[in-house]
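Chemist: Sequence:
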Amino acid sequence: MSLKQLLESYRQDINQVLEQQLEQRVSAAVQLQAAMRYALVLGGKRVRPFLSHSVGEICGADRATLDVAAAAVECIHAYSLIHDDLPAMDDDDLRRGQPTCHRAFDEATAILAGDALQTLAFELLSEQSLAVPSERQLKMLAVLSRASGSRGMCGGQALDLAATNQQLSEPQLEQVHNLKTGALITAAVQLGVLAGSEEAQAYYADFTAFATLLGLAFQVQDDILDVVSSTETLGKTNGKDEAANKSTYVTLLGLEAAQVKLQQLHQKALQALQRIPYNTTILEQFAEQLLKRDH
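Be aware that the sequence shown starts at 1, since it is given in UniProt numbering, and climbs by one per residue.
Hint data in this document are derived by calculation from the structure and do not stem from the laboratory. Backbone N, C-alpha and C fix where the C-beta goes; we use that ideal spot for every residue, glycine too. Be aware that a few hints might be false.
Straight-line alpha carbon distances no greater than 25 angstroms define the calculated DSS-like cross-link-like pairs of lysine-lysine that follow [as the list claims (entries may be wrong)]:
id : residue 1 : residue 2
1  : Lys-292   : Lys-4
2  : Lys-240   : Lys-292
3  : Lys-268   : Lys-4
4  : Lys-45    : Lys-4
5  : Lys-268   : Lys-292
6  : Lys-240   : Lys-4
7  : Lys-292   : Lys-139
8  : Lys-45    : Lys-240
Pairwise CB distance ranges (calculated) [what the hints assert, rightly or not]:
id : residue 1 : residue 2 : range
9  : Pro-277   : Arg-103   : 13 to 23 angstroms
10 : Ser-126   : Leu-42    : 20 to 30 angstroms
11 : Asp-13    : Glu-123   : 17 to 27 angstroms
12 : Val-227   : Gly-97    : 18 to 28 angstroms
13 : Glu-123   : Gln-16    : 12 to 22 angstroms
14 : Gln-31    : Ala-64    : 41 to 51 angstroms
15 : Ala-34    : Gln-267   : 19 to 29 angstroms
16 : Ala-34    : Ala-202   : 37 to 47 angstroms
17 : Asp-91    : Gln-166   : 34 to 44 angstroms
18 : Glu-242   : Ser-134   : 16 to 26 angstroms
19 : Asn-279   : Ala-205   : 11 to 21 angstroms
20 : Gln-128   : Tyr-204   : 19 to 29 angstroms
21 : Arg-275   : Val-227   : 25 to 35 angstroms
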């Protein structure tokens, strides 16, 4: 099976897991439930859950536990996209080629759907059925909490909003991206390790280094695609950051230098994997495909 076929097969599997998790928790608020499903299940590359699963399998984790961890990560990601698109944030009308959640429903319902998906993530991770030691299950909760909050994704969004009409330095821009985008990608990988064997915990720092570099490279590629790809290809409005006068790697370094930066980060991420004495071929292939994507 090619990597493309594997990714499509996995996307179908995780979509089924997400559907099942929602079906097991039916809300009396029908419109809220519909908005949660709209944001969570319909569309998406499933980058973060795939990383959780792939790393977890490398580390010898239980499949059912990985399903839960992957679903939790995707719940946080979906919630962040709902709120990111709101008029008070990035004010976007298009996401994954579809109307954004607040356009498909309404602003109040979208806010509540994001809130509910966020809490669902932690409900999933706190389940007693996870096949991991209790101290590691607590660490999984802490990892996802930190990545989602003021020291992670929310902090990055706040810095990003504050940076409108400002020229950031490269270290400042890296900080924004490491928090806003990289933190959840790193958490996805860390959850996979924590769900794994006791032996695998020795390589937690190496997997984290790989994920941090991959997360930053992912955002550099996003900055590049925002310039070179169309709205139709991206599935979201292109040129938004430039229109909002926000710093990106392309505006800061130029397109060619940003592409060089992308390759440098990619190589460093692969070097981090080389320190891990497991077969990480799937992660190497995934990283390469991820950074060659057109949307």
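Chemist: Against this structure, judge whether each hint is valid.
Modeler: Verification of the supplied hints:
no., hint, in the structure
1, Lys-292 with Lys-4, "holds (13 angstroms)"
2, Lys-240 with Lys-292, "holds (21 angstroms)"
3, Lys-268 with Lys-4, "holds (24 angstroms)"
4, Lys-45 with Lys-4, "holds (12 angstroms)"
5, Lys-268 with Lys-292, "holds (16 angstroms)"
6, Lys-240 with Lys-4, "violated (29 angstroms)"
7, Lys-292 with Lys-139, "violated (33 angstroms)"
8, Lys-45 with Lys-240, "holds (21 angstroms)"
9, Pro-277 with Arg-103: 13 to 23 angstroms, "violated (49 angstroms)"
10, Ser-126 with Leu-42: 20 to 30 angstroms, "holds (26 angstroms)"
11, Asp-13 with Glu-123: 17 to 27 angstroms, "holds (21 angstroms)"
12, Val-227 with Gly-97: 18 to 28 angstroms, "holds (19 angstroms)"
13, Glu-123 with Gln-16: 12 to 22 angstroms, "holds (19 angstroms)"
14, Gln-31 with Ala-64: 41 to 51 angstroms, "violated (31 angstroms)"
15, Ala-34 with Gln-267: 19 to 29 angstroms, "violated (44 angstroms)"
16, Ala-34 with Ala-202: 37 to 47 angstroms, "holds (45 angstroms)"
17, Asp-91 with Gln-166: 34 to 44 angstroms, "violated (18 angstroms)"
18, Glu-242 with Ser-134: 16 to 26 angstroms, "violated (48 angstroms)"
19, Asn-279 with Ala-205: 11 to 21 angstroms, "holds (19 angstroms)"
20, Gln-128 with Tyr-204: 19 to 29 angstroms, "holds (24 angstroms)"
21, Arg-275 with Val-227: 25 to 35 angstroms, "holds (34 angstroms)"
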